[in-house]
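Undergrad: Keeping their order, the protein sequence lines are chains A and B. With positions in the first sequence counted from 1, the corresponding number in the working numbering is that position plus 4. With positions in the second sequence counted from 1, the corresponding number in the working numbering is that position plus 4.
These are computed hints drawn from the structure, not numbers from a lab. Please note that the accuracy of each hint is not assured.
No copy is singled out in the list; a pair is fine if it fits within one copy or between any two copies.
In silico lysine-lysine, DSS-like type, Cα no more than 25 Å apart, as pairs [to be verified]: (1) K262 / K40; (2) K194 / K429; (3) K40 / K345; (4) K347 / K39; (5) K194 / K367; (6) K391 / K248; (7) K345 / K39; (8) K391 / K39; (9) K262 / K31; (10) K56 / K357.
Treat the numbers as computed from the prediction; the structure is a model and nothing was measured.
The chain contents come next:
There are 2 protein chains.
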Amino acid sequence: MTVRKKTIGIGLLGLGTVGTGVFNILKSQAAQIEKKTGVRLEIRKICVRSLKKHRAARASSKVITTRVDDILNDPAVDILVELIGGIHPAKEILLKAFAAGKHVVTANKALLAEEGKVIFLQAARHSRSLGFEASVCGGIPIIQAIREGLASNEISHFLGIVNGTCNSILSAMTQGSVNFETALRQAQEKGYAESDSRLDVDGIDSAHKLAVLARLAFRTEVDFRVIPVEGIRSLSALDIQYAKELGYVIKLLAIGKKTNSGLDLRVHPTMLPTDHPLANVWGVYNAVFLHADQAGDMLFYGRGAGMLPTASAVVGDMIEIAKKIHDGVSSESVFYEPPQKRKVLPIGETVSKYYLRFQVADKPGVLGRIAQTLGRNGISILSVHQKESHPTQSVPVVILTYQARESHLRAALRMIDAQKEVKEKTVVIRVEK
Amino acid sequence: MTVRKKTIGIGLLGLGTVGTGVFNILKSQAAQIEKKTGVRLEIRKICVRSLKKHRAARASSKVITTRVDDILNDPAVDILVELIGGIHPAKEILLKAFAAGKHVVTANKALLAEEGKVIFLQAARHSRSLGFEASVCGGIPIIQAIREGLASNEISHFLGIVNGTCNSILSAMTQGSVNFETALRQAQEKGYAESDSRLDVDGIDSAHKLAVLARLAFRTEVDFRVIPVEGIRSLSALDIQYAKELGYVIKLLAIGKKTNSGLDLRVHPTMLPTDHPLANVWGVYNAVFLHADQAGDMLFYGRGAGMLPTASAVVGDMIEIAKKIHDGVSSESVFYEPPQKRKVLPIGETVSKYYLRFQVADKPGVLGRIAQTLGRNGISILSVHQKESHPTQSVPVVILTYQARESHLRAALRMIDAQKEVKEKTVVIRVEK
Chain A
5 MTVRKKTIGI GLLGLGTVGT GVFNILKSQA AQIEKKTGVR LEIRKICVRS LKKHRAARAS
65 SKVITTRVDD ILNDPAVDIL VELIGGIHPA KEILLKAFAA GKHVVTANKA LLAEEGKVIF
125 LQAARHSRSL GFEASVCGGI PIIQAIREGL ASNEISHFLG IVNGTCNSIL SAMTQGSVNF
185 ETALRQAQEK GYAESDSRLD VDGIDSAHKL AVLARLAFRT EVDFRVIPVE GIRSLSALDI
245 QYAKELGYVI KLLAIGKKTN SGLDLRVHPT MLPTDHPLAN VWGVYNAVFL HADQAGDMLF
305 YGRGAGMLPT ASAVVGDMIE IAKKIHDGVS SESVFYEPPQ KRKVLPIGET VSKYYLRFQV
365 ADKPGVLGRI AQTLGRNGIS ILSVHQKESH PTQSVPVVIL TYQARESHLR AALRMIDAQK
425 EVKEKTVVIR VEK
Chain B
5 MTVRKKTIGI GLLGLGTVGT GVFNILKSQA AQIEKKTGVR LEIRKICVRS LKKHRAARAS
65 SKVITTRVDD ILNDPAVDIL VELIGGIHPA KEILLKAFAA GKHVVTANKA LLAEEGKVIF
125 LQAARHSRSL GFEASVCGGI PIIQAIREGL ASNEISHFLG IVNGTCNSIL SAMTQGSVNF
185 ETALRQAQEK GYAESDSRLD VDGIDSAHKL AVLARLAFRT EVDFRVIPVE GIRSLSALDI
245 QYAKELGYVI KLLAIGKKTN SGLDLRVHPT MLPTDHPLAN VWGVYNAVFL HADQAGDMLF
305 YGRGAGMLPT ASAVVGDMIE IAKKIHDGVS SESVFYEPPQ KRKVLPIGET VSKYYLRFQV
365 ADKPGVLGRI AQTLGRNGIS ILSVHQKESH PTQSVPVVIL TYQARESHLR AALRMIDAQK
425 EVKEKTVVIR VEK
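Isolated chain A, as found in the complex (with noise of 0.2 Å):
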């Protein structure tokens, strides 16, 4: 049995809180890493903004640079790790290091997403392999399980709980009975939201997730500008309740449908029944659930974020691409086929069922005029649930709907929020089975 064995050298380009979890699981695992794998990952060059930087993962100073070209120049850095995050100048650097000849691991969902044809389309040019599982849902190997264990099946759907701080926000006003502003303060002091958490709050980071998982599971490019997206702001705790009593939970899902008439792509608020796999997904966890045509209904779930998930999967990454450096393979052995472009559906053609709250005058006549003005547009109703009065002057009626387009819906709702016995803008959660 002949053993070969290799160092691979590696460049990182970013010191913050991943960028520290590799360079601290490579410092502490190495030795273990050649034992299980046969290869061995060495740091050569660590590129950060300020040479402060290096300080807390005590890295060598040696290794330490402020300049990218010196990664990029290395002949003895085989892999390029990006963890800067953002498009620039991310992108011009993943770009010249494949033309470099250098093989690159990212968690860059923003990049992926928004600049993913180039970026990909590069690393096919010079046959280099690019990772890319730390993007979405951190330590979750679900990237690795759509390339390759499920090679042979056709994805059909999607829905993923993919941002760990709106799923936490969530889960405080579904359990804790607060309102949103309550519960990411909460989430702050915690440290499970950033300062500025507009990204994770409004919906952009889940969509981010969303086009990256929808080009790998339905082959084909992603258009990100045109993704509707929803974010939770506007969720209130009473819909929250309402959702429980009636047996459903309200999560924020990164939603993909293959449907005939194009992608079905969106990230909103939607509730699912409580005995859904994902409804008892809780805090800082994501999940993602698919089905697959020949293996099924799949739920994989994990730690989505934070220092060592998403490091771990960076490091998961770098050792598949050592082990084909190390093997002599010099490009990725799976073709790049260009992939199809398939359009991405307005919200207005998504065919969903819906959650409806009004806030009507306490009339009679009100229910059966909004009910007529649904069924004029060609909604159907399911159930409708008269809630207690509000120390308001306005009654919420809860309506659920059997499925219909999005615009019949919308045609309905415009008028009924024009009669004057409507008190407020109707609240409209959608729903998944």
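Starting from the known structure of chain A, arrange chain B on it as the hints suggest.
TA: Below, chain B alone, put in the same frame as chain A:
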């Protein structure tokens, strides 16, 4: 960009349920697989026990044979796919296959559990790959996740629902409040249980999967014969009901823990709190919960058996090995490091919390004597629940304990069960958190 094509020859051994599934996937998906992965999988030979067998799959009679040697001696066969199950002659065939330079994909958990040592060693000796994703949890890519995605992690423990037959029987007992015999008969009628269900119901199949998972997760040889195994045959609907009242469900778990004193591996009915991620896995579904030091807690959930889920895992392995052959990687890049053999703890040395149901005479002083005996043996009581008297002469008393060493518990129960006020053998169910 150079594009290398290569067709990889497959020899299929066994054309039962899973074999037919593999045959059908390759027939319908070959072009799609080639497009996605760059390799073409072509069945060169199918070995069946009887020539009548191949008709269901409509395989060409040119590829059908009844002689294994036709596969082993065919230089056009790169990968042998073993789907006949059982120890003999599968073991001998695999050893010959590696020696003949074939890679192997197998779904045979019994073989890997009981003879894993010689099988893995032979594969390493001949630098051949061995794919066994299908041996545990069918379509769920758990083996790959542990082998690759979590490669830099240490796994400290895992809990698995790995037998769909038992889980569907327990689901019926829990949700339908039927007894074991009825639930088993129903499962057999629905096709979820074999007519000879002993391997499933008595926990042997779960123990096979436990041994395969433990070898991989803990990188150790496992002596399958010393794993403590209890099935679900003697589980009563009464205890399932009482567990429910206490906020628990009962699942047949495969448990693997690395402890300082040895490997804690066991299969037995286990009480789990209803908010445990495994508590909501119902019916024929499988799930594995594991803790990795970096990635944290994870759950993998999906269909553990059935023609297509299992065949999907087999084909996934075939693709991975085919890509290696295509890339000219002749050996597994994972070194064969003969894993250390760790001691499997005898059940008496394991530590657990316990649910105990005593059937006692309805007389004063009985409970006191039981509590005293438990205390003298170092068993602390968490709670006591006196149940309503049933139409028998004895009264059920349920006690939940704190963690205790099983040998201490058994010593206490020997004394307690010898008392004349104790009318039946005390029921013991271990509790996991």
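Undergrad: With reference to the structure, classify each hint as holding or not holding.
TA: Evaluation of the provided hints:
Taking the closest pair of Cα atoms, K262 and K40 come within 25 Å of each other only across two copies (18 Å); inside a single copy the shortest separation is 39 Å, beyond that limit. For the identical chains of this complex, K194 and K429 are neighbours neither inside a copy (34 Å) nor across copies (50 Å), given an alpha-carbon limit of 25 Å. In this assembly of identical chains, the alpha carbons of K40 and K345 lie at most 25 Å apart only when taken from different copies (16 Å versus 40 Å within one copy). In this assembly of identical chains, the alpha carbons of K347 and K39 lie at most 25 Å apart only when taken from different copies (22 Å versus 47 Å within one copy).
Neither within a single protomer nor between protomers do K194 and K367 lie at most 25 Å apart by alpha-carbon distance, with minima of 46 Å and 53 Å respectively. In this assembly of identical chains, the alpha carbons of K391 and K248 lie at most 25 Å apart only when taken from the same copy (13 Å versus 32 Å across copies). Proximity of K345 to K39 under the C-alpha cut-off of 25 Å is restricted to the inter-copy arrangement: shortest distance 16 Å between copies versus 43 Å within a copy. When the C-alpha separation of K391 and K39 is checked against a cutoff of 25 Å, the pair qualifies neither within a copy, at 63 Å, nor between copies, at 55 Å.
Taking the closest pair of Cα atoms, K262 and K31 come within 25 Å of each other only across two copies (23 Å); inside a single copy the shortest separation is 43 Å, beyond that limit. Taking the closest pair of Cα atoms, K56 and K357 never come within 25 Å of each other, the shortest separation being 54 Å inside a single copy and 50 Å across copies.
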